[in-house]
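Asks: Line order of the protein sequences matches chains A and B.
In terms of our numbering, the first sequence opens at residue 2 and continues consecutively.
In terms of our numbering, the second sequence opens at residue 46 and continues consecutively.
One or more of the hints may lead you astray.
Computed footprint of chain A on chain B, listed as stretches where at least three residues anywhere in the stretch have a Cβ under 8 Å from a Cβ of chain A [stated by the list, open to error]:
1) 81-91
2) 100-108
3) 120-128
4) 131-137
5) 159-172
6) 199-209
If you anchor each label on the Cβ, the simulated ranges turn out as follows [as the list claims (entries may be wrong)]:
7) B:D138 - A:R1037: 50 to 60 Å
8) A:T1068 - B:D148: 52 to 62 Å
9) A:P792 - B:V83: 22 to 32 Å
Don't read these hints as lab results, they were simulated from the structure.
Backbone N, C-alpha and C define an ideal beta-carbon position, used for all residues, glycine too.
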Amino acid sequence: MIGESIRPLDWAEKTAGTARYAADEPPAGTLVARVLRSPLPHADIKRLDVSAALRVPGVHAVVTAADFPEGRVYEHSGGPYSDRPPMAVDRVLYVGHEVAAVAAETAEAADEAIRAIRVRYRRRKAVLTVPDALAPGAPQLHQRADGANVAVATAEHWGDVDLAQANAAFQAGGTFRYPRVNHACMEPNTTIAWWHDERLEMWTSSQAPHFVVHELANLFGLELDQVVCRDVAVGGGFGSKSKISEHEALAAALSMKCGRPVLLELSRAEEFAFTKPRHAFTTQLAAHADTEGRLCFLDAVIDVDNGAYNHYGPSVMRAGIKQLGSMYRPDAVRWDARLVDTNLVPGGQFRGYGQPQTAIGLETLMDELAEQCGQDPIDFRISNSGLPDTTQLSGSQVGSNRLRECLAEVRDRIGWDAKRGPERRPYRGVGVSSGMHASGSYAYPGGNTSAAGIEVRTTGEVVVRFGGADAGTGQRTILGQIAADVLGVPMDRVGVIMADWDETPPDMGAWSSRGTHMGGHAVRQSAEAMAARLCELGAEKLGTDDVTLRDGCVVSGADRIPIENLVDGALRIDTEYVEPKMQPYWTGIERPNISATYAYAAHAVEVEVDPGTGVISVLGYAAVHDIGKAINPALVEGQIIGGAVQGLGAALGEKLHYEGGRLVNAGYVHYPLPRATTVPSIDVGLVEGPEPAGPFNAKSVGEIALIPAAPALLNAVYDATGIRFRELPLTPDVVLAALRERDGVTPRRHHLARRPGRWQIGLFRALYPYGIHLLLDRWGTRFARRPAPRPVERVALPATVAEAVAELATPDATVIGGGTDVLVQRDQELLFPTVLVGTGAIASMRGIEEKPGGDWRIGAAVTLAELATWASERVPMVASAIATIASAQIREVATVAGNLGQEKRCWFFRNGFDCYKRGGVTCPCYAVDGDHRLHHAAIGGHRCQAVTPSDLATVFDALGAEVVLTGPSGSRSVSITSLYAGPGELDLRTGELVEAIVLPASALAARGVFVKLQQWDGDFALVSLAASVTVGDDGRWTGARYVFGGLAPKPWQPPRLTRALAGAVPTADAVAGVLDQDLSWEAHPLPGNRWKLDAAIGLARQATEQLLLGRTRDEESDD
Amino acid sequence: MPDRPSSGRNAAGAPLEGRAVGGRPRVQAEHLRVDGDVVPAGAPGASLLEVLRGAGIFAAKQACGRGECGACTVLVGDRAVMSCTMPAAVVTDEVTTAAGLGDDAADLRAAFADHAAFQCGFCTPGQVVRAAAVLRESVDRSRDEIAREMSGNICRCTGYRQIVDAVCAVAESRQAAR
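From just these sequences and the hints, can you work out the full model?
Replies: Structure, rendered in structure tokens:
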């Protein structure tokens, strides 16, 4: 059983969707909760009046800080680190800080109650970055012993620093930045809390019921057995749910106030913005090696952005430091580290726990030292690797350590020597990184202890009882396998009950990669006790001591007794496992050995960098892990691949962006986490071998795989480009700008002095940082228009265009195609239509037909999937563009008109900022001073910097399509450029709708190419290009149209290029040259999006080459 | 090379003129057919997902509510759609969730189990429904095509390899069974 890839125990429910998660099957009478959160990063609450909320019909409870026992704070790490009350007390410290919560019969009533709460804030100066927080005179968030806004400071060393420095012959160093990253668990944080019979019953999405129970009992002054968590499926944790996640306390308080079950489910926007992300680290690291190429000294200055409260920041910082003394064998490690309070959402626990942040520095510098010493990076790591059966500088008493074997194997798996050899292709590179992680840690009292129960029932079932929770790690299955193995019963007779302390002995849960080690030992120990008892009972009945357990029976020779015949009612044995090797952190041991075993890994990655666009493609990835023993290899591989891909996500795109303390990218669409097509098929190798301290020799695997991914990628990108990047993520803008700098390209000049049309905007932009932004943000937004939420009253499904036009005469009626943007805009509070006019039943809008003369008329309600099918042979460019839009599911229902008419996707506009377009003329454009690198215009931006997001607009413009608009006064035809009044804004008259698109016959005869720069398959274009041309027999181009998307408020055609291409026989270089002039004279980029112009040239080269290849192909086929 | 379009019921290229999908009626239906049951259609502005979950059908999961992740994927007729952004009012065809796929998806579900193609399982019902639709349409697909067809379904746990492995394995076994 041990070592077999058996199916997860819960496979049947999970694959059918019948597994019960916290929000599924709520008890009868469950209320819906909503949370009122601070809109400001730092302010005093001058007045908080919830009386109007209580009067909203259907509201049963409202809670504020006043509903919790005074002075009560979360325990967290305990002692001086405990600093957070469950709700804001008189002062808010970050955007999203919980001010009040309500529970009501319906979500609508709860929303209305939230809007009815009156809060008056007095704004305080906020510190939003670590340097701001440390500046003299900065406002202080808390009274801290270690200095103003310094939650914890530690400056210490391990080893002999003087000796280490004396040995140093080579030195490498740099400042490394790892940003805030969100866990983005698929299940949002969700709790149902029900106070009844003097007990708090919780259905909550948690990795560790222990912390939920203890924290709630502490907050409300309850006994531990007055709080119980039920066994529910948990939709991902990655550390975020390994401690209490705050919303549980709000749901509990609401239920305790009204006695009804209360469901509190965070929205995805809340999940991104207000759950505790990975701590951002800034690490100045220097690494030294001696003349022999031996790493001798690491010297670190680390600043950790704590956010507004401690939570587990102190131990995250400590774990990051600890890693420096755990992987290799330096003589000394010195650090000066600070955990700094800022007015941002507090950081939290995230898979890897501080180690990914310092690993990017350590592993980059290992490569740099290897290069200085003239050694291969893998050889250098092998010779510096920690050794088995040693105590490391950090105090870790390592038993097995097979890092060297891992490094050797990963070299073969990725094809290291060939890929770094002389035959290598330009802009391709490979990189490597080591990783290590403990298996559990004795970080808190009880951390060295786990308990489990084993029960044998008269049915022959074996039930494992374990008090932790499985958020997807497979622990449930692993524990079942261990019990089955020890007891000699088949897996289909084993069940595992978890999390519910009415049913199980308590356990501290899943954190610090302790699941297999601690839980595995506890279940092994209880199962062994049960096995001994069963053998004893069996021996008595069989009359011999020579018995074993096999196939669910006690067996002696040919005799056997089924184990169910040995138990009377049921037999249950609970035992507690205490790990003898662990030493506690907090008792004064100078360098405690906090874990019993240590896992190691080596990852290698191959990348290709596109010098035209800055896009990094991951071509191959190998991960080799020193696992001890894989109890279930398929599940182990799953942890490794999943961890590596999360690490790649952080390396390539994931980052939480804030503006004024408020999250900008609070949605999947603006948070480029990996998709099925953006990651390679990861090749996993498992190195097994004895580890006497582990259960069945097993070591941890939950967190380790995330750690080496980003540094391996950084090293591979260096190998491909010669550029050392020291900050994540490596988005195309960063890479392209660095490539231009490497090549010494002088920045493009835009001749603004000679372009009077841009003077006003130029002046406005220049003044933005000097008061305009502040003025409009602070005072202008007070006049922002905010549409009042209203329900949809009616959905009309007219059968003719005339009927639809008549319906649109109703005020607040909106036409919908697939509806894929209208419900989203409602959710984003941009639009509250009362009548939805569907176009799906209008036959004349649902078809595609050829008109006399060869033009084609495409009904506006044709779906993207239908259009793609029609176009695939006739106008391949249209089909290839559609394949890049959103997802297959969206393309099934989204319509042509819906795509053209979708609102701008600017992340400020979409995510609730009262911007110029959302709030009106008194409001600022947040993109001018904010993060505008990816989604904003570099050409022609006016007061709004957004772009038209529709890819079809770009393509149709290149094809010279006309749009038929029909309204009360009849139909008219307009070009794509005249269709738009602004970015994503159709220039429609009252009551008018898009009825059809007409593609000219010439479009079908032309040769076309669509290329798009996007961060994931289905992303909106950062830059796109649709190029269409008719090629004559002599190779001359006529009617060439190059139209760019993502660059300007509307689809943009470069005028000089259009003229130059007429009648020409172009080359890619010639196109790039003329386009460069266009971009110089037409563009007016923002400081952060100049790179888009270079990317546009890269795309133009690609497109031109493809168009020219098309010619070659035609000629070949003619021959 | 243009990408192969994901789907569409007019592969022959016949004009779609006059064809209303699902023969939509002009008024909103009062009931929806879901997994063989009948459920009330809900408020006019309700999404299909709200209607399903309100009716106690939990196999479709709410993860983003904005059509961005695929956890709520269900079949409407034979089309896999995001139920969270689909107005329930325009749905007339039978709706099928992962729980209602029945024997058609038995091999697919087993493959997900055998390849460890799920961990937390929250995205899994949507993945299974999407995969079922992809394979119903065609089993003659390359690994890259399958990855592309599945790319609208986010999974934060697995890193995708095992999901694509599972769907490829079923495609192969169904090819072999033909």
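Asks: Could you run down the list of hints and mark each one as holding or not?
Replies: Do the hints match the structure? See the list:
no. : hint                         : verdict
1   : 81-91                        : holds (count 3)
2   : 100-108                      : holds (count 7)
3   : 120-128                      : holds (count 4)
4   : 131-137                      : holds (count 4)
5   : 159-172                      : holds (count 11)
6   : 199-209                      : holds (count 11)
7   : B:D138 - A:R1037: 50 to 60 Å : holds, 51 Å
8   : A:T1068 - B:D148: 52 to 62 Å : holds, 59 Å
9   : A:P792 - B:V83: 22 to 32 Å   : holds, 24 Å
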